[in-house]
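Chains as they are written, first to last, in the working numbering: chain W, 1 to 573; chain Z, 1 to 235.
By construction, these hints were calculated from the structure, which means they are not laboratory data. Note that the structure is a prediction, hence the values are computed from the model and not measured. Glycine residues also receive a C-beta, built at the ideal position from the N, C-alpha and C atoms. A couple of the hints might just be wrong.
Claimed, not checked - Ranges between beta-carbon positions, derived for each pair:
#1 Z:Q214 with W:L61: 54 to 60 Å
#2 W:E169 with Z:L118: 32 to 38 Å
#3 W:D395 with Z:F13: 56 to 62 Å
#4 Z:N8 with W:A343: 47 to 53 Å
#5 W:D381 with Z:F13: 24 to 30 Å
#6 Z:L173 with W:L61: 39 to 45 Å
#7 W:Q236 with Z:H210: 19 to 25 Å
#8 Z:F11 with W:E336: 41 to 47 Å
#9 W:E459 with Z:L12: 46 to 52 Å
#10 W:R304 with Z:F13: 48 to 54 Å
#11 W:R47 with Z:A224: 39 to 45 Å
Stated by the list, open to error - A short, non-exhaustive set of chain Z residues, derived as facing chain W with CB atoms under 8 Å:
#12 T17
#13 N23
#14 S26
#15 V27
#16 N61
#17 N63
#18 L68
#19 G78
#20 Q85
#21 I119
#22 D125
#23 H140
#24 R143
#25 G155
#26 E158
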Amino acid sequence: MNAAAMPVPTAATIDQVDWPSKNYLVVDDFVGVRQLLRESLRSLGARNIDQASSGGEAMGLLGRIRYDVVLCDFNLGEGKNGQQVLEEARIRNLLLPSSVFLMVSAEKSVESVMGAAEHQPDAYLIKPITEGVLLSRLNRVWHKKQVFRMIDQACAEKDYLRAARLCDEAIAGSRVHEIELLRMKARLFEKAGEPTKAREAYERVLEQREYQWARAGLAKIRMANGEFEQARQLFQGVIAENRYYIDAYDQLALAYQGMGQFEEACAVLERAARLSPNSVPRQRNLGQANLKLGNVAMAEKAFRKCMAIGAWSIRKTPDAYFGLARVCGLKNDPKEALQLLQAAVREFGAEHADIHLRAKITEGLVYHESGDYRRARKAGDELEEMLRLRPDRPDVATCMEMATLLFAVGVKDSPVELLCYVIRNNHDNPLLLDEVQKIFEKARMADEGAELIRSSKKEASDLMNQGVLLWKTGKLSEAVTWMRNARLAVPNNQRILFNAAQVMISHMQQLGYDEALAAEAHQVLLHVDRLLPGQQRFAQLMEQLAALKPGAEEVAGEAGPESKQEPEPASDA
Amino acid sequence: MDEMPQSNELFLFLASTAHDMKNSISVLSGTLEGLLAGASPEVDATYPQMAHMLYQTRRLNDNLMQLLALYKQVGKPGYPFDIEQLEVAHLVEQVVGLERMLLQSRSIALELDYDPHLIWHLDEDLIVGVVSHAINNAVHYTRDKVRLAVAEVDGYLEIRVEDNGDGFPQAMLDAGAAAMSGVANGVNFLTSSAGLGLYFSSEVAKMHRHRARQGSLRLENGGACGGGCFVLRLP
Chain W
1 MNAAAMPVPT AATIDQVDWP SKNYLVVDDF VGVRQLLRES LRSLGARNID QASSGGEAMG
61 LLGRIRYDVV LCDFNLGEGK NGQQVLEEAR IRNLLLPSSV FLMVSAEKSV ESVMGAAEHQ
121 PDAYLIKPIT EGVLLSRLNR VWHKKQVFRM IDQACAEKDY LRAARLCDEA IAGSRVHEIE
181 LLRMKARLFE KAGEPTKARE AYERVLEQRE YQWARAGLAK IRMANGEFEQ ARQLFQGVIA
241 ENRYYIDAYD QLALAYQGMG QFEEACAVLE RAARLSPNSV PRQRNLGQAN LKLGNVAMAE
301 KAFRKCMAIG AWSIRKTPDA YFGLARVCGL KNDPKEALQL LQAAVREFGA EHADIHLRAK
361 ITEGLVYHES GDYRRARKAG DELEEMLRLR PDRPDVATCM EMATLLFAVG VKDSPVELLC
421 YVIRNNHDNP LLLDEVQKIF EKARMADEGA ELIRSSKKEA SDLMNQGVLL WKTGKLSEAV
481 TWMRNARLAV PNNQRILFNA AQVMISHMQQ LGYDEALAAE AHQVLLHVDR LLPGQQRFAQ
541 LMEQLAALKP GAEEVAGEAG PESKQEPEPA SDA
Chain Z
1 MDEMPQSNEL FLFLASTAHD MKNSISVLSG TLEGLLAGAS PEVDATYPQM AHMLYQTRRL
61 NDNLMQLLAL YKQVGKPGYP FDIEQLEVAH LVEQVVGLER MLLQSRSIAL ELDYDPHLIW
121 HLDEDLIVGV VSHAINNAVH YTRDKVRLAV AEVDGYLEIR VEDNGDGFPQ AMLDAGAAAM
181 SGVANGVNFL TSSAGLGLYF SSEVAKMHRH RARQGSLRLE NGGACGGGCF VLRLP
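Turn these sequences into a full structure, and let the hints steer you where they fit.
What follows is the structure, encoded as structure tokens:
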């Protein structure tokens, strides 16, 4: 009857974590709550507790000190909100993998159920937070992190197949995390380009319960397979069940785009942006979708919103500036467009290598669209000069945009050179080749273009086939050298990059491990993953490479035999 | 459009005001818990008053949470709802973490009866809210004991909050039945003082669905302690 005899549940006391010795950061704009949380932490024995009253202040502290536990309110008044603090801390690697980030909010938050997989806190806490609740959640998060530690590590090393195997091992030992582990496993298989296995994991979840994210996962796999209509139905089912599952809207928009229904895609993005307006990527997509449809006013609104919320977000990009500049051009206001382009260069020049090029392209487009052909041509000439001064070329989308503009303003040689570069580096991508052909046709160069495509394609496949031939005839070292030179000639061709890595791995499998060669193969694979993430060959080669390392555990299970497999015969002949 | 029940401005205003009120309640209830932890009923004459303040603060918190949920249309697809796998031990731990000091300060014993390894799929935030509300309510009806029992019964997770008071009055039992059967025949359900809490709890119960079954709420008298029983069943 005496309250002192109050029973304490056992879960928290399984094995004690040394909470007193940890470093804590408390972020809340309300001083009363900060004091309260600090008192609660003190009664857990904590000694090192820092406080911040705003997102900016929190970032300053996070930049200097590695915290073990961050308690951050979602709503921080002016400036960054809690989610933006979390995103920036994760992207800038200011949190240790073992750090615990708890998001605090006044009520059950929409953010917790939106299904945006990236950058989730370890837990959401709802006020009022008592000492007992705090300790219980800290312990639970800690133990969960232990279960996921090895998996997260393998995932950070991009060895997705090993990470997926570790999920299976963890499921066997920890039934309470089965659903979360299956979700992780499904995501890993998605990243590893193994949709069938991802589907199996989602289906195992759905056998137990109707989890909307698993349903959405199945829909995504359908969509990746080109089954847009089926994907659309599934995503709409998810939204009907849970209107705040925002990820399903973004995916639904993609399904509509896949079917060529751009109006519908745009409408879906509008709805998503109304439900969750503070996402930089969503406002950007909305702006671009509207721009494509010619809805100038809607595009302007979205781009302006994107810039406003981007002010506090690490996820801001120059795209909104460029988009808005195009809008200004369409509204016949090239003066504001130029100011925006200057602002973009000023703000993003440091971290975006191609910013000057992209600003100049947009400038040309703005002048061209507003009918000032003389200035458009001048921008084209300046672009040509910029290209002459740099040896490398920007990404495919920028190359295509630039070639289109240059043709439009009457420049001929450099767009041809750009398009040939694109073909050499993507010689096995028929969709892209069609797009290139269309650009040639628009420039009244259909026949000439077709011939250029043919010869550029041949150039790339000859390079690749010679490497495969050397490898097949057992000349491994020559093959490695050949592929190294091929990479110099065509630096962004995914099949050549994959083959180069494969030949190096094969070399080590037969002639022994070599640290420099392993590092080179690793670098090549990471490069190809940046070009196009989620490819099956990437995951397989990463796994084979990791298994070569002396002391690495033997690759077990289903992926095993593949590690001795021959390189994919990559000849186009 | 279909997303917001009312205008966006009103919603933003309510959201930010609620945020502020929650902060105030958090500080109030945290401060009172701290004061009560450092005080003793034998020495401090104000102890019972502080305990009563904590009780009233928790009632305020429950009402605010329920009003917000109502405003956001709890029970409809527009309400943020997500289930996850949870060990019953963790559920109980959360509730105890919230309620310990309140019960202790009112000299009410808490009896726990659950299988710590039982795992269920539920919306933790909502269920913790419902169960702790039920315990706050039991504080009003009990003599000196509250029992929280969680078990699997006929394929459902049955969460019982029982007390050893005189039992719920008939009007309360009727309100419970009315809340479950819906607003249509709820003669004295939304007008009774317990109406909001019962409505919220029954909507949360009903949001939990699995295959053809859904959750439910029941009020009765008797149980292991002989008083009022709040029975939540989740598929």
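| field | Those earlier numbered hints the structure runs against, lowest number first | value | 1, 2, 3, 4, 5, 6, 8, 9, 10, 12, 17, 23, 24, 25 and 26
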